[in-house]
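Chain order of the listed sequences is E and X. For the first sequence, my numbering begins at 2 and goes up steadily by one. For the second sequence, my numbering begins at 2 and goes up steadily by one.
Listed below are the simulated SDA-like cross-link pairs for lysine to any residue, each with C-alpha atoms no more than 20 angstroms apart in a straight line:
(1) Lys10/X to Gly44/E
(2) Lys106/E to Leu47/X
(3) Lys106/E to Phe65/X
(4) Lys4/E to Lys58/X
(5) Lys106/E to Leu31/X
(6) Lys106/E to Gln42/X
(7) Lys106/E to Gln38/X
(8) Lys106/E to Asn60/X
(9) Lys4/E to Gln45/X
(10) Lys4/E to Asp41/X
(11) Lys106/E to Phe105/X
(12) Lys4/E to Gly59/X
(13) Lys106/E to Ser39/X
(14) Lys4/E to Asn60/X
(15) Lys10/X to Ser25/X
(16) Lys10/X to Glu45/E
(17) Lys10/X to Phe105/X
(18) Lys106/E to Tyr51/E
(19) Lys106/E to Arg96/X
(20) Lys106/E to Ser66/X
(21) Lys4/E to Glu103/X
(22) Lys10/X to Ser43/E
(23) Lys106/E to Gly59/X
(24) Lys4/E to Ile61/X
(25) Lys106/E to Glu54/X
(26) Lys106/E to Ile61/X
(27) Lys58/X to Ile5/E
(28) Lys106/E to Leu62/X
(29) Lys106/E to Asp30/X
(30) Lys4/E to Leu47/X
(31) Lys10/X to Pro41/E
(32) Lys106/E to Glu63/X
(33) Lys74/E to Thr28/E
(34) Lys106/E to Glu55/X
(35) Lys106/E to Glu76/X
(36) Lys10/X to Ser42/E
(37) Lys71/E to Gly53/E
(38) Lys71/E to Gln58/E
(39) Lys4/E to Ser39/X
Just so you know, these hints were derived from the structure itself, not from any lab.
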Amino acid sequence: AQKITQTQPGMFVQEKEAVTLDCTYDTSDQSYGLFWYKQPSSGEMIFLIYQGSYDEQNATEGRYSLNFQKARKSANLVISASQLGDSAMYFCAMREDGTTSGTYKYIFGTGTRLKVLA
Amino acid sequence: DSGVTQTPKHLITATGQRVTLRCSPRSGDLSVYWYQQSLDQGLQFLIQYYNGEERAKGNILERFSAQQFPDLHSELNLSSLELGDSALYFCASSRSGSSDNEQFFGPGTRLTVL
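Here chain X stands alone, though its shape is the one from the complex (with noise of 0.2 angstroms):
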């Protein structure tokens, strides 16, 4: 157990409609990360956000959204969501500044577009 929590753990909607997944990070980490993996695409970067300000963006779409509470929880918002946003996404946390900077995946929710 990493420490991270996701929820949901799965998802099913349908096209264009919008959900929000939830992302907890483990005790005293500032910085979460949130990450899609899917088949054609691998495991991509999306957004990173460190004590509530967003620090880093990578391949995130326009569609997508994130935000990080002052409880440090983080939600990842989808809307419009088309039938190739169905893949896994994970969460992680880190402790940014600190030497090492693994980061801590939690479990990932499934979410399916039909």
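With the rest of the complex left out, here is chain E (with noise of 0.2 angstroms):
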């Protein structure tokens, strides 16, 4: 079964409006940890938020918010007033500890690709 899920492969928006990338994730851990990152076509990974499983707001970075939704166990990363340079592909991605106490394994999805239109 798939850890991650993002079940937008691409998606449009129109520049100046807001965006919303879903994931959804499995875990029977308590502790966990939930990130976006951003991978333009130069192929860099550009962290972008992080939400911890513990955490009661939503984590918010500028113009990028995680709505953490963790009873319906989603993340969603909201980008608002998109930027032409937000086109790009996003992946969620979900911390969950590791056999070892202290060590951590990272599952990441398959990404969804924006385009920002002028």
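Fit the two chains together into the complex; they arrive one by one in their own frames, and the hints show the way.
Written out as structure tokens, the structure reads:
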């Protein structure tokens, strides 16, 4: 079973509009972390935002916010006021505890390709 | 610039060969992670090192191995290369034990096996 599911392979958004990228996850851990990364066409991976499973407030970083709904196991990324430079692949990822105390493993979704239209 | 460096940027080699990819983490980061990104498999976690010790293993083949040295740089060794090993290999680093644990990725090494 997929641990991280991104159901939108591709999305379009008009410049200056807001867009929501969906991510659902599956874990039995109580402590976990959720991340969003951006991968532009140049190939590098850029960290955007982090949400811990015990964080009560939704994480925000500038124009990025994470809509965390723990009971529904969803961690959607909201980008406000889209810019042309936001066109990229976006990956949702989850950090789970590893088998050894203090270790972690990371699982990534298949990504959503966002295209911002002028 | 994430502060993580990877060399080489591109590598072209033949099947059956062995290559070594190098990664230097951000200053102060103790954990190094290796990932493989290919068209068919997506982004796959391979292995994690923390302060020189192996801490977690993902989908890493037996033909692949890694280590982290006392100065915290890491090397990923790929041997008996196959065409399917062609991929972008990312290294990332983080400060394990901190409250947020976000990873910072290097620019990647693009491996092409001919």
